[in-house]
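Enquirer: Spelled out, the chains give:
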Amino acid sequence: MAAATASRSGLRSALPLLAPAYLWLTVAIFLPLSAMVFFSFMTELPLSGKPWTFTLGNYATFFSQSLYLTLLLASLRLGLEVTLWCVVIGYPAAYVLAKVLKGRSREAIFLLVILPFWSNGLVRIFSWAMVLREGGILDTALNAVLPFKINIDLMYSYPAVIIGLVHSYVPYMVLTCYLTLQAIDDSLIEAGRSLGASRLQVLKRVIIPLSMPGLVAGAALIFVPVVGSFMEPRILGGRTGTFYGTVIEDQFVAVFNWPLGAALSFILLAVVLVILAVASPVLRRAA
Amino acid sequence: MATTRVLEWLGRFYIGLLLAFLYLPIIIMALMSFNVSPFYQLPFEWTTEWYASLWQNDQLIAATWNSVEIAVITTVICVVLGSAASLALYRYEFRGKKFLQALLFPPIAIPWLITGTAMLIFFFGVGIGRGLHAILLGHVALALPYVIVVVSARLQTFAPELEEAARSLGANQWQVTRRVTLPWIMPGVIAGGLFAFAVSFDQFVVSYFLATPGQTTLPVEIYAAIRKGFTPEINAVSTIIIVVSMALMLLTARFFKFGGEK
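Read top to bottom, the protein sequences are chains R and Z. Residue numbers for the first sequence follow the numbering used here, so the first one is 1 and each next one is one higher. Residue numbers for the second sequence follow the numbering used here, so the first one is 1 and each next one is one higher.
Treat the hints loosely; a few may be bogus.
Unchecked claim - Partial chain R-side listing against chain Z, Cβ under 7 Å, derived:
| no. | residue |
| --- | --- |
| 1 | Pro20 |
| 2 | Pro32 |
| 3 | Trp128 |
Derived from the structure by calculation, the hints contain no laboratory data. If you're wondering where the values come from, they're calculated on a predicted model, not measured in any experiment. For glycine and all other residues, C-beta sits at the position ideal for the given N, C-alpha and C.
Turn these sequences into a full structure, and let the hints steer you where they fit.
Expert: Now the structure itself:
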């Protein structure tokens, strides 16, 4: 009875506090996303002065020209590869942080690992350009050490894009895996060992299954933005850096075909939502 | 147990390698901003020339001020609106509350490319247009969910009996909020504010789609400069913003810990 009264009067008291924040989110996020869906079915922007009609043509363009599907697949592959590298590099580091290091050194190193992703992402990508180009730091350093002459010019290549993106996103994987690994009770690991399991068996049967939510959360946090990335491929990939994201960027800043850009964005959004929906049961089990 | 020793030592070595990978390009960029050669050639020769010419670059300076101003205004708006919303979500029970909380995740989870282009289309369509005001509108929306999540997390540690005690001692709702609740959530509010500042100050994608040639922010200006060609001034300004961003993150970390201790 008391609870029912509280919940009826609750909204009235809560509304003045909630309304400004949610109005802002509506105007700047939810209405724009809805507008994007709407515009993607138009032939022209309604404000451009030209006559417009509804059309499925923008979506037909996506499905009829193999270029777009190819690029979407290339972006998905890029997302997958970057995510895998982040697992391979980040998971062992998270394990060492959670189970090997102790006390102050753990805190300090944890902070050092997550510190870079608070610096500007664009600037960090740009800094790789100096390392990777011919006559750059990597090239010069290797030639100074090695007795024979080699040419390292990774700039404007697919590996350069992978390196830059892994560098940008690996802290997410370390962070999410660290949080789940730290929650695993050490006595579980000891119990497994004392019952005769090898280190590898304990890793496979105890540690990895228990830290799965962290792995999935990290993978989702990395995969989704990488599939939509355009700045990193542009700067480090040069001509080889054409991906789905760069094509969307082009529709808005170079070709000015906004309705097609909206359709391409919406397709990407749909793909992203499906992926998040697939990942969410695992995440919810963790919570 | 010798194996354990060796494995632990290997683990430490591995963490060292990871840190080298993470910091190498950043350190090299900072060094190159003090190098004479504008094409980043070695050997290294010390100069502060690029920092000096940065001062002369009015376009970059103007963009930097725009970035700072937008980040500060974003922080203030987000802290006020976000704290109010968090309090409401904490204090009151009503239908649809779960839904409102779930609505905070799309702005965080959807790639900025999609959010940014959607804002461009909508703002253009309804006559808000592009420019600094549009960038501010977008930044607040991007940072607001983070502030609400951080302040709400702090509120979870709050004991509602404190509010009841104050009320039973004769304090009205406003006094309770100002004298009891706000001081308690302050570390969360400050951490949320730092989050908001960082989200806005480092934001590139959304600003990129909403900027116009005269009204732009630092990251957008840097992107344009990188695509035109290498300019050492960009190294200098990048080094400055990396130092500022990392200092902010260290502050955030301090406040988070502060929040956890109490």
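Enquirer: Mind listing which of the numbered hints don't hold for this structure, in increasing order?
Expert: Structure breaks no hint.
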